[in-house]
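Given the coordinates of chain A, assemble chain B onto it according to the supplied hints.
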Amino acid sequence: MTKTPGNLRYAKSHEWAQRLDNGNVRVGITDHAQGQLGDMVFIELPEVGRQVAAGEECAVVESVKAASDVYAPVSGTVTGTNSTVADAPETVNQAPYSDGWLFEIAPSNPGELDKLLDAHAYAAVAESESH
Amino acid sequence: MGKRTPLYQEHLDAGARIVDFGGWEMPLHYGSQIDEHHQVRRDAGMFDVSHMTIVDLEGADVKSFLRGLLANNIDRLKVSGKAFYSCMLNDHGGVIDDLITYYFDDRHYRLVVNAATRDKDLAWIIGQAKNRDVIVNERADTAMIAVQGPTARERVHGILDEAQRAATALLTPFSAARIRDMIIARTGYTGEDGYEIMLPATQASAFWRKLLKAGVKPAGLGARDTLRLEAGMNLYGTDMDETTHPLESGLGWTVAWDPTDREFIGRRSLEISRQRGPQRTFVGLVLNDKGVLRSHQQVFVNGEVVGEITSGTFSPTLGKSIALARIAGQVKGDCEVEIRGKRLDATIIKPPFVRAGQSCL
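Residue numbers (this note's numbering), protein chains in the order written: chain A, 5 to 135; chain B, 27 to 387.
So that you can see chain A by itself, here it is in the shape it has in the complex:
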């Protein structure tokens, strides 16, 4: 059974999004997604300052098995990326919701975050894909 924390929002494409105290949105991939992909070996992160639209390809996570695009769950400007995962991609497997975050976005339309799935709805999506 994969973990789906209740305090996060989720995209159907398996990203999680978390509103930080400074208003920015931190993004990573879900426990379900890392489990499906398997051992991570390479993470390609976006340039800081890049403008992204919700649903736009923003990063690539690559496991031994396959490469997978990561989409921006909200529109805005990339304000930071996690150098830990660039140096140690396995962090995404070990701690997908904490140390394994990927990038942060200053949202241009904060309302987009609330339109994402809640934990309950995302868990149903993940469950349906596991069978």
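Please keep in mind that the hints were generated in silico from the structure rather than gathered at the bench. The structure presented is a predicted model; accordingly, all values stated were derived computationally and were not measured. No residue lacks a Cβ here, since even glycine has one placed at the ideal position from N, Cα and C. Any given hint might turn out to be false.
What the hints assert, rightly or not - Examples of chain A residues toward chain B, derived with CB under 8 Å: (1) G42; (2) V68; (3) K69; (4) A71.
To be verified - Within a straight-line C-alpha distance of at most 20 Å, the following computed EDC-like cross-link-like pairs (lysine to aspartate or glutamate) qualify: (5) B:K346 - A:E94; (6) B:K316 - A:D91; (7) B:K316 - B:D371; (8) B:K368 - A:E51; (9) B:K316 - A:E94; (10) B:K316 - A:D73; (11) B:K368 - A:E61; (12) B:K29 - B:D167; (13) B:K146 - B:D117; (14) B:K89 - B:E289; (15) B:K368 - A:E60; (16) B:K108 - B:D219; (17) B:K368 - A:E48; (18) B:K368 - A:D73; (19) B:K316 - A:E51; (20) B:K346 - A:E48; (21) B:K316 - B:E362; (22) B:K89 - B:D132; (23) B:K316 - A:E48; (24) B:K346 - A:D91; (25) B:K156 - B:D132.
This is chain B only, laid out in the frame that chain A set:
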């Protein structure tokens, strides 16, 4: 639902992630394929390879039949238990499958062929055996476990009885011992020492559990693929198939040209390619940049496409990406590989990348 090996429940009990592999429900990994890879390179791991197709060939004509069926020369197998790797070619020299052949006696040989090619292999073999005294007997009653790694043999010896241990301890590479209903072969697909053990399906679970107790850890298809690629070993259907011949697949060493009057299937086409010189070469690539090489990515030299990757992965032992590729001419040195629109630097090498736990670079 796919086909299941006799060890399916053992995989579930070990927490395997099950995937479809050529119609079989097989373990991809049991948690981390990289950990399983290191386990095999550093200690000992075991793979359920019961999905592979075991075919016994028996009868008075078997030896002469195999002399024509295989590109390697069956006359090289003179001692009971001796085995070799060979391609089975079509009339054009294309590879129908790659396989291991075991010699028991002049009227009994065993082939181990790929699971995904079972149907066409059996149809081809049966077709070729028509009007010959050759009985083709698929051994669906037999399971196979590969135990691989630097400590694999001693760990297996620890769970064998006295007679089995005595028969296996002296085995040289590519030799097998038949002890009652078990065949223990010093072969594998990882670049490490070890055994491939064929045994009755009914005994497979009990033997698997004994191996677990002896400290051998299960490893899945994921680790099997990274291990074989590091060892520079081809994967059928990816690195070669019926449209490619052994000379452009890094398998020229498996073709026995002598004696010149041995008319094996595909020989005439191969002779023409051989005289003309290879049009395409099979090479290894090491990525110097960050990223992962994958099959079908294009290879460039001086800005020109020279070929493509046939299989690529991340090498856990080397900590960088490696690949096998088929490229035009005899190219050495530097090249570029296009990954998601970017050209990244790679070096062309002669495989293998890793042998017996050590980097060959």
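Could you tell me which of the hints above the structure violates, numbers in ascending order? none
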